[in-house]
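Following the hints, position chains B, C and D against chain A.
Protein chains: 4
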Amino acid sequence: MNAASPAKPTLVALLHGPDQPGLVAKTANWIYERDGNILHADQHRDDEAGIFFQRIEWEAAGATEGEKEDFSSFVKALGMKVSIAQSNVLPRVALFVSKIEHCFVDFLARWKMGDFPAELVCVISNHTELRSITEYYGLPFHHIPVGKETKKEAENSQVSLLRDYKVDLVVMARYMQVLSADFLATCGCPVINIHHSFLPAFAGAKPYHQAHSRGVKLIGATAHYATAVLDDGPIIQQDVSPVNHRHSVRDLVRRGRDLEKSVLAQAVRWHLEHRVLVYGNKTVVFD
Amino acid sequence: MNAASPAKPTLVALLHGPDQPGLVAKTANWIYERDGNILHADQHRDDEAGIFFQRIEWEAAGATEGEKEDFSSFVKALGMKVSIAQSNVLPRVALFVSKIEHCFVDFLARWKMGDFPAELVCVISNHTELRSITEYYGLPFHHIPVGKETKKEAENSQVSLLRDYKVDLVVMARYMQVLSADFLATCGCPVINIHHSFLPAFAGAKPYHQAHSRGVKLIGATAHYATAVLDDGPIIQQDVSPVNHRHSVRDLVRRGRDLEKSVLAQAVRWHLEHRVLVYGNKTVVFD
Amino acid sequence: MNAASPAKPTLVALLHGPDQPGLVAKTANWIYERDGNILHADQHRDDEAGIFFQRIEWEAAGATEGEKEDFSSFVKALGMKVSIAQSNVLPRVALFVSKIEHCFVDFLARWKMGDFPAELVCVISNHTELRSITEYYGLPFHHIPVGKETKKEAENSQVSLLRDYKVDLVVMARYMQVLSADFLATCGCPVINIHHSFLPAFAGAKPYHQAHSRGVKLIGATAHYATAVLDDGPIIQQDVSPVNHRHSVRDLVRRGRDLEKSVLAQAVRWHLEHRVLVYGNKTVVFD
Amino acid sequence: MNAASPAKPTLVALLHGPDQPGLVAKTANWIYERDGNILHADQHRDDEAGIFFQRIEWEAAGATEGEKEDFSSFVKALGMKVSIAQSNVLPRVALFVSKIEHCFVDFLARWKMGDFPAELVCVISNHTELRSITEYYGLPFHHIPVGKETKKEAENSQVSLLRDYKVDLVVMARYMQVLSADFLATCGCPVINIHHSFLPAFAGAKPYHQAHSRGVKLIGATAHYATAVLDDGPIIQQDVSPVNHRHSVRDLVRRGRDLEKSVLAQAVRWHLEHRVLVYGNKTVVFD
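Chains as they are written, first to last, in full-length UniProt numbering: chain A, 1 to 287; chain B, 1 to 287; chain C, 1 to 287; chain D, 1 to 287.
What the hints contain is simulated information worked out from the structure, not anything from laboratory work.
Don't take every hint at face value.
One copy or any two copies: either way a pair holds, since identical chains are not told apart in the list.
Quick list of in silico lysine-lysine cross-link-like pairs, DSSO-like style, CA-CA up to 27 Å [stated by the list, open to error]:
no., residue 1, residue 2
1, Lys81, Lys68
2, Lys206, Lys152
3, Lys99, Lys112
4, Lys112, Lys206
5, Lys8, Lys166
6, Lys282, Lys112
7, Lys8, Lys151
8, Lys152, Lys81
9, Lys68, Lys26
10, Lys99, Lys26
11, Lys282, Lys206
12, Lys148, Lys282
13, Lys206, Lys151
14, Lys26, Lys151
15, Lys112, Lys151
16, Lys112, Lys76
17, Lys99, Lys81
18, Lys148, Lys81
19, Lys26, Lys166
20, Lys81, Lys151
21, Lys99, Lys68
Values in this document were obtained by computation on a predicted structure and should not be read as measured data.
Next up, chain A with everything else stripped away, as it sits in the complex (with noise of 0.2 Å):
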């Protein structure tokens, strides 16, 4: 199921922290000594703030999670944090779904051809619409109805289900509720929601409506990680295109779902691919 991985198990490190000389020799050199094949490397310096990120991957020639436990170790001790992911281990995804459908299909679609290096465990929604053709792809569909008094309580059952399901990730593929931040905070996994507009412009509710009513020549689409602030997280992707006085906002529902789709995919494979490394409210992407 996943076209993407190469035939080899690599490691994939994000590290960032203070910058300082040498660390694109340090790292390499410490690769390099364990007969281990960068393959890619990629740095950048944020000159302001005085940090530097890289992202790197490698074959290692010895067992992967000693050399994961070892590289993290090394990283630490230069003042440095960082992530580690194996090529070979691959991320869990949980799929958040309303009745909205565009986007589920089209992220199932992929998945099926190999877009995504992941297991897709389970689907999680407050409507029964998308059980067919959940179950069609074969995935386990969970149904949660989600209701003003009944909030808390399918957010206590939500998280039980992304722990059982060990997840480690969620992506909201049109998933109509706002996530608490008690949730952000139990669910112990990141959190990628698609928003159907250019953010900042038009956060909220019906950015469609609001874009048709201040008179826009382009409409957007805005993939960012969830935070406890609505529409305001790190965002990983954005697109846009363009609209005129002729396209009601129907027409802006629909012309916008293009955009979702493909904007959404490319986050969640970018953040897949390890390419991601959040810092303050931004993000690094090492595409």
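Just chains B, C and D, lined up with the frame of chain A:
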């Protein structure tokens, strides 16, 4: 200088008002019965608001000045508002500039190549840096300094000049001053501004700094009619370019220039070709 | 299933022919005199060739079938060619597919959401991989294998099916076979194909390999009407995406899918809304 | 004049050759051991061809001229080809122009704003129309007419001038002559050309006419290194704009200018920042 005009003079009417049966037939008939030749006719209906919009361009058999008045009376009798331009009467444009030169130099070069069906009658600036290039292109340059204390007085001088030159359109080519509501009420013509963000995101000062700080993945530019509310007027044109974490604010500024140049030029060209109809806080652009 | 149709049935005429004075007035009058209500009217003049093109959509007061014939006679008497669609008679579409699923699955999902004003009547494939998803969407699936020896025979079976289903449009959703001139001459309806390059660059086989080998910085997709000359028919829609040296052929294939999906869907939608007029080897798209 | 240079002089090496273990570590170490500070390091591997590419930029502790030679020897000993630039030695650029002014005027304005880390040393033209604007910007203008009979002689004069001015890069800003293979072999520096189509579509003369005639829905521009085969050299940058049936050839020409200006400027800027590595008939652009 005006490569865009057709050989024979034409009339272009922009009209709008309450929708009613037969409007397309009525305007077309009126012209046909007077042996006019319709070159372009474009309609739009705002179904929600029940408003009909039309741009119609034709070669008149008779004297265009009289035809203009007659058509105007005819359309008003149908309950519509109308504005009519004659292709052989070039609109008179004044440019407001400051020190920043890219939009201005680009505008001059386009004008010299015949991109704008207009007379460029004068350049007004609160600085003197752009005097030399203005004079290279053979245009009058007026230096009107603007200070905190002297803004009112400066605006009066500007309005005076606009009247003397019989200006039909003011173009703010990165003129870094906010025009007062008073100025806009008395200057006697529309004002097109270029704002260096994708409005409504990042209105106000230093939009590239705002964009950099929010970590967006696209920067934009917006050409709009200036109104008393800053960066809030009807939008004529917008465009965006991708950016990433490697781009400093300085890079955004540089990359944004291409957007500002082309978006402003497109908006002004559409306005001069009598393609832009403002209603409420939005535009219909018959492109 | 058809969310795009207006509440009341309308007629849409596409007409073109030698330009002559009064055409806009004449067609508008004809409709107005019969108490029709023009919803949209868009004209184009090819000044070089002296040809007039029009798309006009109206609500007819009387029975639409008779009105259709009458309007047709009227327009032909003006020396024009015309094709008229009724919004309450949905075109019947057949999909030709092979093993590649992205365009097909995307098309089905859009159709289910009501994006296409059409009946999807059958799916024809030279393989069986896509039978299951076809049946999930409740559509008949016809397996017609195509071999070197059996191509003629297979095409005869295809044409037979198209006649039985009274098909108005064939959509090749990455059907990897070239249709013969014979097939196109006898199938009785237009055929829309999606080619995975920015035509006329990289016509023929393996366009992503060709693009990779030439080192282009953009890849494209082109939707066009199939003609007897491979990848040479009238172009309806095109789009591109940036690529760089880091992208392998496999990456181009993956990134190109988004283009293929959206470009094909847009072209088919325009065709079904009776917005595309073919003349010579080009199209006028009244969007 | 050169806003893009960092405060401290740096070296930028572009290297490529057969891939082998430890290359990233070896180059980084070499610099680190000499107390150099790596500012940027970007790698690429062509997995099919087994070639390693790197761009590495660093502040050298010692004298940069010596460091340049030493690094060069070190890299060659690894079996790699290398080219090294010093940020404090500005490349010397000559512009070739004809009568068409948009690319040229735009280029001058960008240069004046500091967009190009280069010295603009002279302008060479086969016409005299652009003498005045060249002199406005304080640059030497050389008129070398080119006739059918005198082409060889003219090219000799051009090569002479390039040598006198010690030119490092020729930019053809819509110079409407084909440079001969002889010229390219003897001029002693790379030549960047802007072609007004999305190559390989519409190579050769009158690409906008070709595009109009084929009925494409996008027009493009391509910046590439000139080679002995017309419009066939390694592509540096490409971009496109949407067009439709309403656009005449004249409209395509006008709309294409924006593409030509920005694509040429971007390609030249990348070249001057030593970001473009040519191999075979393709480029690696470390942007």
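Cα distance capped at 27 Å. Does Lys99 pair with Lys26 within a copy, between copies, both, or neither?
Intra 51 Å, inter 47 Å, cutoff 27 Å: neither.
At most 27 Å between alpha carbons: which applies to Lys112 and Lys151, within, between, both or neither?
Answer is neither; intra-copy 32 Å and inter-copy 31 Å both fail.
Homomeric proximity label, Lys99 with Lys68: Cα distance no greater than 27 Å:
neither (41 Å within a copy, 40 Å between copies)
Can you tell me if Lys8 and Lys151 fall within 27 Å by alpha carbon in one copy, between copies, both or neither?
neither (45 Å within a copy, 43 Å between copies)
Measure nothing new, just compare the shortest in-copy and cross-copy C-alpha distances for Lys112 and Lys76 to 27 Å and report within, between, both or neither.
neither (38 Å within a copy, 46 Å between copies)
Tell me, please, which holds for Lys206 and Lys151 at an alpha-carbon limit of 27 Å: within, between, both or neither?
Cα proximity of Lys206 and Lys151: one copy only (21 Å, versus 41 Å across).
First find the shortest C-alpha distance between Lys99 and Lys81 inside one copy, then the shortest across copies, and answer within, between, both or neither for a cut-off of 27 Å.
neither (39 Å within a copy, 45 Å between copies)
Given identical chains, is Lys282 near Lys112, meaning Cα to Cα at most 27 Å, within a copy, between copies, both, or neither?
neither (31 Å within a copy, 33 Å between copies)
Evaluate Lys206 and Lys152 at a C-alpha cut-off of 27 Å and name the case that applies: within, between, both or neither.
within (24 Å within a copy, 42 Å between copies)
Reference check for the pair Lys26 and Lys166, CA-CA at most 27 Å: within, between, both, or neither?
Neither, since 34 Å and 41 Å both go past 27 Å.
As a check of your reading, is Lys282 near Lys206 (CA-CA no more than 27 Å) within one copy, between copies, both or neither?
This pair counts as both: shortest intra-copy Cα distance 25 Å, inter-copy 19 Å.
Please work out whether the CA atoms of Lys99 and Lys112 approach to 27 Å or closer within one copy, between two copies, in both situations, or in neither?
both (21 Å within a copy, 13 Å between copies)
When the structure is compared with the earlier hints, violations turn up for hints 6, 7, 8, 10, 12, 14, 15, 16, 17, 18, 19, 20, 21 and for no others.
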